[in-house]
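K.L.:
Protein sequence lines correspond, in order, to chains A and B. To convert, note that position 133 of the first sequence is 133 in my numbering; the numbers rise steadily by one, no gaps. To convert, note that position 295 of the second sequence is 1295 in my numbering; the numbers rise steadily by one, no gaps.
What the hints contain is simulated information worked out from the structure, not anything from laboratory work. These figures come from a predicted structure and were not determined experimentally. Treat the hints loosely; a few may be bogus.
Okay, derived cross-link-like pairs now, BS3-like style, lysine-lysine, Cα gap no bigger than 30 Å in a straight line [stated by the list, open to error]: (1) A:Lys141 to B:Lys1134; (2) B:Lys1134 to B:Lys1512; (3) B:Lys1067 to A:Lys141; (4) B:Lys1742 to B:Lys1114; (5) B:Lys1067 to A:Lys179; (6) B:Lys1742 to A:Lys213.
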Amino acid sequence: MDKAHELEKHPKYGMVIDLDKCTGCGACTVACMEENNIPFRKDETDKLRSITWLRVYRINNGKSYPDTEYAYLPRPCQHCDSDHTPCISVCPVNAIDKGREDGIISQVHPRCIGCRYCMAACPYHARYFNWWDPVWPKEMKQMLNPDVSVRPRGVVEKCTFCHHRLKRAKAQAMMDGRKEIHEQDYQTACTQACSAGAIVFGDLNNPEHMVYKLKTSPNAFRLLEKLRTEPKVYYLSTRKWVCQQADNGLLEAHKADVEHA
Amino acid sequence: MNVTRRKFVFTVAGAAAGGLFTPVQWKLIDDISIWTQNWPWTPVPRDGAISYVASTCQLCRGGCGIKVRMVDDRPVKIEANATSPVNQGGICPLGIAGLQGFYDPLRIKNPVKKVIDIWGGHTWQDITWDEAIKEVTDKLNDLEKSSMSHTVGLFTSNKKSLTNDLWERLLKGLGSPNNFKQSDAQDSQKLAVKAMIGHDVYPAYDLENAKFILSFGAGLIEGWGLPVRSIRAHSKWEEDGARLIQVESRGSLTASKADEWLAVEPGTEAAVALSLCSEIVRLGLFDKVAVEKSFGFIQFKKELLSKYTSEKMEKVTGIKASVLKKLAKDFATAKNAVALSGKGKGYFPASVQEEMAILSLNILTGRLGAKGGVLLAARHKAFDLPEIQLNDAVKKSLATSRLDDAGAGSLSISSQANSRLAKNILSNKYYNLNLLFIVKANPAYTMPDCKEFTEAIKKAGMVVAITDKMDETAMLADIVLPCHNYLEAWEEVQTQPGLSYPIFALGKPVVKPVNNTKNAGDIALMIAKAKGGDVASAFSWNSFESVLKEAVNSISKKGSGFISMEPGVKPWLNPGAGKSVKGVINLWKKLADGGVWYNSPEYTLAGPATMSGSIEFISQVMKMAFIEAKRCMPGYDGTQLSEGKENFPIIMQPYHFLMLADNNVDTKPFMMKALEDTVLRKDTLVAEINPETASQLGLKDGDKIMIRSAVSSAPAMVHLFEATRPGMISVPLGLGHTVANKFVRGKGINARELMDIKEDPVSGMPLCWNTRVQIFKI
C-alpha cells in the first residue's frame, strides 16, 4: 500500500460553509473565543493584531447603491491538505504538524519560537501572533477552558478545528469499546454555535457524513484554489459574485494560462 | 602553597574533566530554560469533571434553550440546547458570551447605598438586606401616610415575565398607576391590532410556515423578534425557496440576502404598504370575505384609489410604479405570505398609522389566522397571577392620572407613552416621583430620549435599582439591590410577542449565587411582606420559586400542550402532535431538566372585538379618543422628515446587528473584540456614508467628522459603504456605554443621543428611526 493511499484510509476532517445561509451574526467567532481561551484586550480594533481564530469577513459585490449586495465569509484555518502546506514548509522548528490520522494542522505552542514565518506564508491570514501577555480580569479567569492551554506572549496560534474535542471523542469511543467516531461525536465549537446551520463539519472521506456530499455540490468552492493548497474548508454560494471573490478571479486566470500554454 | 606549573595544569585539567562528569551545569542550563518558560502570570485553567446543565437564556426576549458546560462547579461555556423548539440548537453571540456577564467585574456584591461626600461626589456603602428593605418600606410608609402612594414609580424591562408581573402587582397594591416600560415595535403593532381588530393582543407571525415574506425594514437576520428563531426561519426559507422582499432605505444584511430589495426613500415604508393596498384593491385581489363585513372599507378604498396610487407613491417612495404593481400582484396571489414590520431589531416603535397600513395589507390579502400569516393568539399567556384585592383608598390612589398621560385623553388607546414621560417629569406637569423602582432595566441607556430620561431619574426622590451589575441607570440610584445573575436564578420564559405558538420554559440556577444577591422576584416579595397590611396579604407566596410552581401547576391542570425533551420538535408542523406530561411534579422535573412546554399555533381566529363588531379600517376607538379623522385610518404621514432640510440635509438612520447588544444588557468583551473595524476604530464610532455623498461633502474613508442633529452632536469616523443610501448616514446602535467594564466602556457613542424624537400623536410613543443631521469634518 502506498503512503498516499494509507493516509486516505484515515478520516480527513473538513468543513463546508454555506455563505447563502450565513447571516454574519458572529456566533461562531464568539463560540470559538470562549472554547479556545482566546484573550481579549481593551482595544481590539486593530484587526492585524487582534487574535480571532475564526474571523468573519464582510465581502461585497462592488456595485453602487441600490445594486450593492454584501455577504459574510467566516474564515477559520483552512487546514491545507497539500503536500507542501505553506505554514509547515517554512516552520524552522517543526512547531506545525499535519495529523496523520485526522489531517488537522496543529500548532505546537511550546515549540514555537515566534519567528512568524508561517504568518507570512499563510495565504489566508489565518495565523495570529501573541504580541502581548494574555491577561484576564480576575473573575473571568474562572471561565477558562481546561481542555485548551493558554498561550503565552511570543507564540503564533490559530484554529485547531477544536482538536481537543476530537481527543475527547476518541477517549469516549474507547470507553464505549468502539473504533469509529460518529459525526455528532466530534463537532467544532463554531459548527455547534451556527444558528443558521451554515457551518457543517465532518470527515470529508466518510460518505455518511454531510460534508462528503456537500463538498461535491456544483456551488462549492475553496479559497485561492490556484495556489494548490488544497484547503479542507469548502464554501457554498449560488451567488456568482461571491464565488468569484474566492480567488479574485485567479482561477480563471490560471485556466487561461493553462489554455495558453 | 607552592604552585608549580605541573600542579596548575593538573588542577585545570582536573576541573575540566570533573566539569564534564558533574551534572551541575547541565542541570543549571535545564533549570534556566525551564525558568525562562515559567511565566506564572499565564493562567493554567483548573481541570475537573465536565458536566452540562440545561437552562434558559434571559438576555433578550428570545428565550433560547441553553446548556452550560461546567468544570466541577465553575461554568466555562454556554452552548445551545437543541431541545428548545425556539432556537433548535442555534444560539447568538450574546447568548454565548453571556458567561462574561456572569463573571463581570462590575457585578454588585452587596446591597449598596449611595453616600454623597462633601466634594459632591459619591461612594457606595454596603448595607445589609434588612437595612435596605427597611429604607424602602420606611419611604413607602411615609408616602402612604401623606396619601402620596401614587408617586411611587416602577420601570421594568418590556419582557413578559412573572418577575415583572410581581413588581407590577406590588405597585398596584401600593396604589400607584405609574408602571412604566419601554415600548417597542411590537407595542405599536399591538395598538394597530387593537385599533382595527379590537383584540388587545400582540400579533404573532407564523414565520416557519411563511413562503413569501414582505418585510418593511425588519432586520430579520439582524436580531428581529426572537433573534435565533428568526435566523432559523431564514435558513428554512433558503432551503424551501421562499421569497423574501425587503423594503428598506439602507442596504442591511437582510436586504442583501433578500430576493429583492426595494431601496425606498427613508421613512416611506407606510407609503409602499399603502400603494400595495391600493393596487390590490384596484385589481380586486383582496380577500372578499374578510373585507365584506368590515367597517369603513368604502372610505378607505376611496382614499387608497385617490391618494395612494402606485404612480403617486412612486414620487414619494422612489420605487417605480411598475415594481410596486408587480409586487402587489405577487403578494396578493402568493401562498403563505406575510407582511412584517418593526425596523432593525424592532426595539423602536413605529407610528400606529404605519402599523395599520402594514396590518391592512395583511388583512386585505387574508393573512389573518392563515398559515404562514399573522396569528392573534389569545391563549399565549400560560399563567396569570390571581386578581389582586384592593381597598378603597388604594383604588382612589390608582385612579390618579399617570405621569405619561397614557390611557387618557387623546392617548386613551395607549398604555405607555414613553415620549411624554421624561418631558412631563422635567416640566413638573403633574407631580414628582418620590420613589422609583427600576427593575432589570437600563432606561438611562435604552430609552430613545436617554439624556432627558437620565435627568428625569435624577429628579425622583429616591431611586431603587434592582440589577445584577452596575450600569448607567444603577449609577443614578440611591439604593442598589443586587439580583441574581440569570445563571444563578429560577426564572421562566414565556411566549414573547411575535412567537406563533405558546411556550413555557424554566431557567434554573446553574451555580450557587456568588454574591449576596436575591432573586428579583423575591425582592418584590420581601418589600411587600415588610410593608405589611393589604399589600402583604396580596403576596401569599413564600418565594419566587413557589410562584413558578404555581404557574407550572396551572399549566399542568389545563392539561393541554406538550413537552419537548429532545431535538427536532417543530410545533408549527403537525398541530396537535407531541408528547404530553401528566402530573405537575413530573412537568416541573421535565422543565427543570431543560424541557420546553409548548402548544401548536392557533389558526382559528376569534371574531373582531371592535365597537362595530367587525374589522375597522376607520378605527372607532381612536375616533372616541378624539383623534382627528384622518389619523384613525391607515395612512402615510410625510411630514416627519420634511422640516429642517436646509440646516440638516443628511438623514441619519441607526442600524442594528447581533454583535452589538442594544438592550438592557451590555455587549460583552468577546463581542467587542469581534466587532469589525467598520463599526468601531479605537474609541471612535464609525458611521457609514455612501461614497457619492462623501465625495460631495469632501470626505474620505477614515476622516473624523461631527454629526450634528437638532438636539445634540457627536464625533464619528467615516466609512465609505456602498449599501448606505446617498444622502444618508448610518450609525450602529449599542455602543457608547458610560458605565461598564473597561472592555465596553467609553467606546463610541450611544446613537440615541443624536435622535430627534417626534411623538406619535396616536400612541404617545417616540418616533426616532430617522433624524435629520448635518455632517462636518473635524
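K.L.:
Between Lys1742 (chain B) and Lys213 (chain A), does the CA-CA distance stay at or below 30 Å?
P.N.:
violated (46 Å)
K.L.:
Hinted pair, alpha-carbon criterion (30 Å max): Lys1742 (chain B), Lys1114 (chain B). Please report holds or violated.
P.N.:
The hint holds at about 22 Å.
K.L.:
Holds or violated: Lys1067 (chain B) and Lys141 (chain A), Cα atoms, limit 30 Å.
P.N.:
Within the cut-off at roughly 20 Å; holds.
K.L.:
Taken at face value, is the distance from the CA of Lys1134 (chain B) to the CA of Lys141 (chain A) at most 30 Å?
P.N.:
At roughly 37 Å apart (the allowed maximum being 30 Å), Lys1134 (chain B) and Lys141 (chain A) break the hint.
K.L.:
CA of Lys1134 (chain B) to CA of Lys1512 (chain B), is that 30 Å or under?
P.N.:
holds (26 Å)
K.L.:
Do the alpha carbons of Lys1067 (chain B) and Lys179 (chain A) lie within 30 Å of each other, as the hint requires?
P.N.:
Holds. Lys1067 (chain B) to Lys179 (chain A) sits at ~28 Å (cutoff 30 Å).
In the structure shown, a violation is registered for the earlier hints numbered 1 and 6, in ascending order.
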